[in-house]
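Visitor: Residue numbers (the numbering used here), protein chains in the order written: chain L, 63 to 249; chain W, 4 to 296.
Note that these hints are calculated values from the structure, not bench results. One or more hints might be untrue.
Straight-line distance between alpha carbons at most 20 angstroms, and here's what the computed EDC-like set of lysine to aspartate or glutamate pairs gives [stated by the list, open to error]:
{"id": "1", "chain 1": "W", "residue 1": "156", "chain 2": "L", "residue 2": "239"}
{"id": "2", "chain 1": "W", "residue 1": "265", "chain 2": "W", "residue 2": "76"}
{"id": "3", "chain 1": "W", "residue 1": "114", "chain 2": "W", "residue 2": "97"}
{"id": "4", "chain 1": "W", "residue 1": "147", "chain 2": "W", "residue 2": "97"}
{"id": "5", "chain 1": "W", "residue 1": "156", "chain 2": "L", "residue 2": "235"}
{"id": "6", "chain 1": "W", "residue 1": "156", "chain 2": "L", "residue 2": "169"}
{"id": "7", "chain 1": "L", "residue 1": "114", "chain 2": "L", "residue 2": "158"}
{"id": "8", "chain 1": "W", "residue 1": "147", "chain 2": "L", "residue 2": "239"}
{"id": "9", "chain 1": "L", "residue 1": "216", "chain 2": "L", "residue 2": "144"}
{"id": "10", "chain 1": "L", "residue 1": "216", "chain 2": "W", "residue 2": "235"}
{"id": "11", "chain 1": "W", "residue 1": "265", "chain 2": "W", "residue 2": "235"}
{"id": "12", "chain 1": "L", "residue 1": "216", "chain 2": "L", "residue 2": "140"}
{"id": "13", "chain 1": "L", "residue 1": "198", "chain 2": "L", "residue 2": "169"}
{"id": "14", "chain 1": "L", "residue 1": "216", "chain 2": "L", "residue 2": "158"}
{"id": "15", "chain 1": "W", "residue 1": "147", "chain 2": "W", "residue 2": "135"}
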Amino acid sequence: MNKSPLSNSTHTLLVIAGMILSAFTLSACATPPPACGSPTTNNLHDAVAQVKNDLEYNGCAAHFDRFYDDLLRIAEGDPRPENKRLFSEFLVWTADEGLLSQRQAKDYYNRYFNVKFMTLQGDYNNCSHTCPARGKIMRDMERELSDKERGLLKVSLDNDGYYRADELYQEIELVLEATCTACAAGQ
Amino acid sequence: MSLFVESLIARNTEQVSLRQALRHSYTCVLTLTFFITAFLSVKAHANTNSPTIRLFPTTVVEDLRQTSSVAQEMETGLQEVIGRLDQQQQLYNESKCDGAENDPGCQRLAKQIGASYLDMLGIMEERLPDMEHTVNNTRLSLEKRLRSELGNKMTSWTLQETLLGGNPQESASVTSPTMRGRSGMRLSERFQQYYKLVASSSSQSDQSLAVLASDIYLDMEETSELIARTREEIARATLVEQLNQSFGTITPEMMEVVGGVKSILFGDDDSRTQIAGPPPASIEQAYRSPLEQ
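Extracted from the complex, chain W is given alone in its bound form (with noise of 0.2 angstroms):
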C-alpha cells in the first residue's frame, strides 16, 4: 500500500513536475512570441512612410469638412433659382425680347427675371458669410502649419529630400493630388474631395502631404479674396438691380454676373483642360553614380 501511495505520489509529483514544465514553456513561449510581435510591429512601424511633417491636424480637417458642408448648402440654395433663371432667359431669347423691350409681355418677362436675379443676390448675401468664415478658418490653421512645418523646420534642400520621398528615381507616388486649375468641379465637391485627401492623411507620405497642403492653401486663399470681393460687389448689384425693376430692363452685366456664379459654384466642362503626359520610358536606369547627391 505505501509502496503504491509512494508511486502514486512520486507519479503525481512527475505529473506535477511535467505540469509545471509544461506551463513554464508555455509561458515562455508566450512570452517570446509577445517579444517578437512587438519587435517586429515596432520595425514595420518603422519601415512605413508615415508622415512625420504635422500639416493636418484635426483643427483643419475638422475645417474642411464644414467648408465642404457650407459650400453644399449654398450650392443647393442657389440651384432652384438659377434653374429658374436659365428657363427665364430661355424664354426671353425664344421669344425674341431682345430689341422689343416695350412689348408688356417680354417686359414682364425681363421683370421676371430681375427678380430671380435678386433673390440669388439675397441667398448669396445669406449664406456667403458663413463660407468666408469656414474657408478663413481654413486658410489660417494651415497657414500656420506651413509657416511652422515647411517654412521655419526646413531647408531649401530638406524640402526637396521630402518632395522626393525616398526615391528620387520613382516616378510621384500614386496619391499625389492633382495640380492647380480645378474647373470643371463643383464647389463642394472640390471640397469634399479636399476632406477625403487630408482625413486619410495618415496614411500618405510627407512628400504628397506638402504638395497638398499647399494646393489647398493656396485654393482658399483666392476663394476667401474672391468671397471678399464678391461680397462687396452684392450691396452694389442688389441696387442697380432694384433700379432696374423700376424700368424692367435686363441689362448684359446682370446675365454675366449668372454665368460667373455658375461657374464658379457648379464648375465649367469646356474649360477642363487635357494635359498629354510623358511619352513612356523605354530604358531602365540602374546606374548610381557615386557623386550623386
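Next comes chain L alone, as it looks inside the complex (with noise of 0.2 angstroms):
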C-alpha cells in the first residue's frame, strides 16, 4: 500500500508545529529577566548591599542613576555626617568593579558632597571659553547647587559645605559678572 504524498507533507507540518510550540513552550518556562527594583529597605547599609548586588550579580548598571536616587531618599531618611563616607565608599566600589569610570565616581561624589561645583570644570580661559557660555554655566551651576543641598545639607547634615557652596555660587556670580564685562570691553 503507497502513502500518498499529502499525507507525509502533512505528517512533516505536523512535525515541525510540534517543535515549534515545544520551543515556545520552554521558552515560556526560562527564568525571567532581573527586575532591577529599587531597594526594599530604608536602612541605607542594607540598601547599599541590595544594589550593589543587583548592579554585579544582576546586571543592572544600566539603573545606576535610579538607585543613586533612591539611595539618596533613603539616606534622607536617617541624615548623618557617615552617610558622605558611605556614599563615598560605595562610589569607590562601583569604579573598581568598573561600573562607572573614576571621573565619572568622582563626578557624582563631588556633585553631592563638594563644596566644588563640578560645572566649573574647564582647561580654557575664562575671556574665550567661560564668558560666551555664561548663562548656560550660571544655571547648571543653580541646578548642582541643589543637588548639593540634597547631599550636603539633608543627607549628611553639613550645613557649613552648603552655606560655603551657597557663598560661593553668589561670588562666581558676581566675579565672572564682572570678569565677562572686563573681558568683552577688551574685544
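Now that you have both chains on their own, put them together as the hints suggest.
Guide: Laid out in C-alpha cells, this is it:
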C-alpha cells in the first residue's frame, strides 16, 4: 500500500509545528529577566548592599542613576555625617568594579558632597571659554547647588559646607559678571 | 727672665689663640643665626597667604583715593544747598501753599525753592565732570586688571580654587567685603571704604581680592553710567527750572530729583535690608573622601 504524498507533507508539517510549539513552551518556562527594582529597605547599609548585588550580579548597571537617587532618598530619611563616607565607599566600589569610570565616580560624589562646583571644570581661559557660555554655566551651577543642598544639607547634615557652596555660587556670579564685562570691553 | 718672657709669650699666644677661637666661633654663630633667620623668614613668607594676583596696582589705589576725595567735595558743596531746600520745602508745606499758588507769599517761597534747586544743579554741573573722570579712571584700570588676571590667566576651575582659597570647607574669610547693594551709605564713605580695603590689600588673600575688585568694578561701571545720564539731565532740568522760575511753580519732578540726589549722596536708611545668617552648624565634618576634587 502506497502512502499518499499529501499525508507525508502533512506529517512533516505537523512535526515542524510540534517542534515550534515545544520551543515556545520551553522559553515560557525560562527565568524572567531581573526587575532591577528599587531597594526594599529604608536602612541605608542594607539598601547599599542590595544595590551592589543588583549591579554586580543582576545586570542592572543601566539603572545606576535611579539606584543612586534611591539611595539618596533613603539617606535623607536618616541624615547623618557618616552618610558621606558611605556614599564615597559605594562610589569607590563602583569604580573598582568597572561599573563607573574614575571620573564618573568623582563626578557623582563631588556634585552632591563637595563645596566645589563640577560645572566649572574646564581647561580654557575665562574670556574665551567661560564668558560666552556664562548663562548656561550659571544655570547648571544652580542645578548643581540644589544637588549639593540634598547631599550636604539633607543627607549628611553639613550645614557649613552647604552655606559655603551657596556663598561660592554668589561670589562666582559676581566675579564672572565683572570679568566677562571686562573681557567684552577689551574685544 | 727668659722663662718668664717665654711663659708670657706662651700665655699671650694662648690668649691670642683663645681670642681667635672665640672670634671664630662668634662669627660662626652669627653666620648660622643669619642663615637660620633667612631660611625661616623665607619659609614663613611662602606659608603666608600673600596675594599672587595683581588686581590693585598703585594706580588703582590712587584712583580710588581721588574718587573718594572728589565725592566728598561734592557732598560738602551740596550739603548746604540741600539742607536749605529741605527747610524751604518744609516751610512751603507748613504754610499750606499746595493749591494756593496765587498767594504772593507762596509764590515767593516757590521762587526761593526754585532758586535753591538751580543752585543745586549748578554745583552738580560743576563737580560731576571731575567725579566722572576719576570714576572712569578707576573703572578702566580695574577693567584691564580683571581682564588680564581673571579673564585671560585663569580657567573657571582655577577661578573657583582662587575664590575658595586653601580650604573649601572653611567658612568665608573674615575680610571678604560686603556684596553689592551698598545703599544706606554716603557716596564718599563708600569710596573711602573701598580705598581702605584696597590699600590694605597686601595682607589679603586672592579670594577676597577677586571679589573686592569685581564689586568695585561693577559699582564704578554703574556709577559711571549714572553720572553720564545725570549730566545729560542737568542741562534739561536747568532750562525747565529757569522757565518755571518765571511762573513760580514747583514741579513734583523737581522734588523727586532732589530726593534722588539725597539718596545717592547721603544714603537711604530705609533701604538697608537685613539678611538672616545661616543657622549655626551643629556637627563638625572631619571625613574627606578620596573622590573629593
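Visitor: Going through the earlier hints one by one, which of them does the structure break, listed in rising order?
Guide: Per hint list: 4, 6, 10 and 14 violated.
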